[in-house]
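Residue numbers (my numbering), protein chains in the order written: chain A, 35 to 395; chain B, 35 to 395.
Check each hint, because a few of them may be wrong.
Pairs involving identical chains hold if they fit within one copy or between any two copies, as the list cannot separate such chains.
[Stated by the list, open to error] Straight line, CA to CA, 20 Å or less: simulated PhoX-like cross-link-like pairs of lysine-lysine:
no., residue 1, residue 2
1, Lys79, Lys312
2, Lys290, Lys258
3, Lys108, Lys283
4, Lys290, Lys172
5, Lys294, Lys173
6, Lys154, Lys290
7, Lys311, Lys290
8, Lys312, Lys283
9, Lys311, Lys294
10, Lys290, Lys79
11, Lys108, Lys311
12, Lys129, Lys88
13, Lys37, Lys283
14, Lys79, Lys129
15, Lys294, Lys37
16, Lys290, Lys173
17, Lys108, Lys91
18, Lys314, Lys108
19, Lys294, Lys172
20, Lys173, Lys37
21, Lys290, Lys175
These aren't lab readings, by the way, just hints derived from the structure by calculation.
All values derive from a computational prediction rather than experimental measurement.
There are 2 protein chains.
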Amino acid sequence: MSKIITISLDAMGGDDAPEIVIDGAAKAAHELSNVRFVIAGDEGKIGPLISKHKVLKNISEVIHTPDVVTADMKPSVALRQGRNSSMRLAINAVKDGKADAIVSAGNTGALMAIAKFVLKTLPGVTRPAIASIMPTVKKGKGVVFLDLGANLECSSRNLVEFAVLGSVYSRLIANQDRPKVGILNIGSEEMKGHETLREAADILEGHLQDAEYTGFAEGTDIHKGDLDVIVTDGFTGNVALKTVEGTAKMIAHMVKDSFKTSPLAYLGLPFIFPAFKKLKSRMDPRLYNGGMFLGLKGLCVKSHGGTDAVGFANAIMVAYMLAEKNFNHHVADVLSRMVHDDPDSEIEVEDDLSPQRAEEG
Amino acid sequence: MSKIITISLDAMGGDDAPEIVIDGAAKAAHELSNVRFVIAGDEGKIGPLISKHKVLKNISEVIHTPDVVTADMKPSVALRQGRNSSMRLAINAVKDGKADAIVSAGNTGALMAIAKFVLKTLPGVTRPAIASIMPTVKKGKGVVFLDLGANLECSSRNLVEFAVLGSVYSRLIANQDRPKVGILNIGSEEMKGHETLREAADILEGHLQDAEYTGFAEGTDIHKGDLDVIVTDGFTGNVALKTVEGTAKMIAHMVKDSFKTSPLAYLGLPFIFPAFKKLKSRMDPRLYNGGMFLGLKGLCVKSHGGTDAVGFANAIMVAYMLAEKNFNHHVADVLSRMVHDDPDSEIEVEDDLSPQRAEEG
C-alpha cells in the first residue's frame, strides 16, 4: 500500500467557501486512494457539508474554529489577529506534522505571511516564491513560472534559488527529465542590463544541477513551450501573469463581438462548436489553478479565490503530488550539490531540513 | 492651405527595406495632401522605387548614402560607425530643421541611441521613452503604454514625465479630452511597494495637468479600456508588451489547432468567415505599428522591422500627426504649468524648446 498523504484545508478561505472547499476535497478523494484531510473551519458549517460526501467520511478530521482571515485583511493584521483562524490552524497542522501540505483559497498576502512565519524557509533558500504553470502552444506542456509576487525585488541569489525550485518542480511533477530554465529579460542588446540578471545567469550557467540553463528569455517565450521554467522577480512576474489574463480576456471578448456583428456567423456555430469546446477545455483556468508557495519547510498551495470545486480539487492534487514526490527533499539535495560544486556560492544548506518534524519527536 | 509637414525616412532600415519604406511613403502620400519626404538611403536602390510612384515624384528629396545601420549592430557601434548611415542622416534632417519628424523601421536600440545623441531630450524631460498604443476591449479605443524599453530602471521623476508625455499624446492624437492615467503596479496590498511608484503617484495626484491620475493599474487593466495612459519602467513595459504578443499568438495557434482536430468545423467556416475577418482586422498589428520615441527635441517614430507597406504608412501617419499637432510644444506647456503649480518639483523647463531650429537661424 502506498503511503498516506494528509492535506490540511483552510475551509473558510475563498469566495465560495466552505462549499467549494469540501466539494473539491470530495472530488480529489475520488481520484486518490491514499489521501486524508485535516479540515480547519467552522464545524457548524462544514460538518453538514462533509456528511454529504460519503467518500470524506472516514478520512476527514475537523479542527473547529469560528475565526477567519477575510479577503481584505492586511497580511500584518492577519498574522497578528488571525492566530485562531482556519488559515492559521491549517498551516499549523503542517508545522505540527499532522499534515503533509496545506491548501487555501483565501487571501494570498495573508497566506504567504502566515506560511512564512509559521513554516520558515527551507535551509539554503532565502526567500520563498509563488510559482504557477502557464499554458504553452505545445499540447500538454506547461511552463513553471515564478516568482508571481512574493518578492518585489530579487537578488541574483533569489533568482538562482527560484531556478532550483522551479526545475525540481518540473522534474518531479511535469516529468521533464532535464528541464530547460530561462531568466526573463528584455531583448534589445544594450538593455540586457540588470546586473542582477547577469549575475544569476553566470551562477546558473556553471552550477545548476539536473537542469539546463538556456539563457535569457523574453515575454514572447512564456507560451512558446521551448522552456520548462522561467524565473523573474515578483513584480515583473505578477505583471506578466495579469497581462496574460487580460490579453486572453480581451481576445475572448473580441471574438464574441465579431460574432455579434456578423449574424451569419451563428449559422456556423453548430459546426464549430466541438472545436470551440476543445479550445475552451484547453484554456480552462481551473487546469492551471494552484499557485505553489515553494521554498518553505512545509508545502503550501494557494487556490484561486474565485475557483469552483474542480479548480479546488486540482489545487489539492498539486499539493498531493508535491508531498508524495518529496519535493522539499529534492530541493535540498540539488542545493547541497550546488554548494559542493561551487563552494564560493553564498548558498548555505544545513542538515536541519524539517525542524518542524524534529520538534515533534 | 495647411502647413507642409516634412517627414524624413530611413529608407534602408527594416527587414524588407527599402521597398516597404518607399511603398509605405506612397500610401501615406495618397492620404495626406501636404506631406513631403526627405529620404535617406542608397540612391541606386531607392531612385527606381520612388519613380514607380507618381505621387512621390515632386514631394521627395533623396539624401544619398551607401552606409546602413544593420539589425544586429550594437547601439554604441552604430553611434560611432554609423555617422553616414541612412538612419543617422534621416535623424540629422530633423535636427537641421529640414524635416519635422523621422520614421525608421531599423534597429531600435541604435535608433534610440542616435536619436538621443543627435536630438537631445526636451527641456524638463530627463529621459525619452518609447510609447505604443495597445488595443482594448472598447472598440476604437487604445491605451498609450510607455516606457517599452528605453529605460531599464526609472525614478519617480521619469515616471511623472512619462505620464505627461503619454497624456499629451492621448489628448492630441487620440482626442481624449482629459485622459485617465495609471501607474502599472501589482495588486496585493502589502506588495504595493516600490517606493518609486508611490512617489510618482503622489506627484501625479496633485499636479498632473489636463489629465487625471486615477491610481495604480494592474496587468489586467492594460486591455480594459478604462485608462487612456499606463506608465511603467522600460523593463516591465517591454516584458508586458512581449507577453501580450506571445499570448495572442498562443491563442491564435490554439484556435487553429482546435479546428484541425475537429473536421466538422471546416463546414462552419463559410459562415463564420466574415466574423473572423472583422476580428482579424481589429487585431491587425499594423494598426498599432509605430513605437513613438517621446521626450526628444525632435519627433521620431520607430516602425516594426517586419512590417509591410501598410504598417509603415501607419507609422508615417503617426509621425505626421505628432508634427502637425505640435506635440512637443504641448508637452513643454504642460511641464511648465506643473512647475508653476508645484515649485518644489525637480522639473526644470527652459525656454529653449527647439535649439536645433535656433541653430539654423
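**Request:** Give the relationship of Lys290 and Lys173 under a CA distance limit of 20 Å: within one copy only, between copies only, both, or neither.
**Result:** Between copies only: 13 Å across chains, 25 Å inside a chain, cut-off 20 Å.
**Prompt:** Under a CA distance limit of 20 Å, which applies to Lys173 and Lys37: within one copy, between copies, both, or neither?
**Reply:** neither (32 Å within a copy, 56 Å between copies)
**Item:** Intra- versus inter-copy proximity for Lys175 and Lys290 (alpha-carbon distance at most 20 Å)
**Value:** Between. Shortest inter-copy distance 17 Å satisfies the 20 Å Cα cut-off; intra-copy 27 Å does not.
**20 Å Cα threshold - placement of Lys172 relative to Lys294** = Answer is between: at 14 Å across copies they meet the 20 Å cutoff, but 31 Å inside does not.
**Prompt:** Can you tell me if Lys290 and Lys172 fall within 20 Å by alpha carbon in one copy, between copies, both or neither?
**Reply:** For Lys290 and Lys172, the Cα distance is within 20 Å only across copies (13 Å; inside one copy 25 Å).
**Message:** At most 20 Å between CA atoms: does that hold for Lys290 and Lys258 within a copy, between copies, both, or neither?
**Reply:** between (26 Å within a copy, 15 Å between copies)
**Request:** Please work out whether the CA atoms of Lys108 and Lys91 approach to 20 Å or closer within one copy, between two copies, in both situations, or in neither?
**Result:** Neither: 35 Å inside a chain and 67 Å across chains, both beyond 20 Å.
**Message:** At most 20 Å between CA atoms: does that hold for Lys312 and Lys283 within a copy, between copies, both, or neither?
**Reply:** Both. Shortest intra-copy (17 Å) and inter-copy (18 Å) distances satisfy the 20 Å Cα cut-off.
**Message:** Within, between, both or neither: how does the pair Lys108, Lys311 come out at a Cα-Cα threshold of 20 Å?
**Reply:** neither (40 Å within a copy, 47 Å between copies)
**Prompt:** Is the C-alpha distance from Lys314 to Lys108 at most 20 Å within one copy, between copies, in both cases, or in neither?
**Reply:** neither (35 Å within a copy, 44 Å between copies)
**Prompt:** At most 20 Å between C-alpha atoms: does Lys79 with Lys312 qualify within a copy, between copies, both, or neither?
**Reply:** neither (37 Å within a copy, 51 Å between copies)
**Request:** Give the relationship of Lys37 and Lys283 under a CA distance limit of 20 Å: within one copy only, between copies only, both, or neither.
**Result:** The answer is neither: 42 Å in one copy and 43 Å across copies each exceed 20 Å.
Comparing the model with each earlier hint shows violations of hints 1, 3, 6, 10, 11, 12, 13, 14, 15, 17, 18, 20; every other hint is respected.
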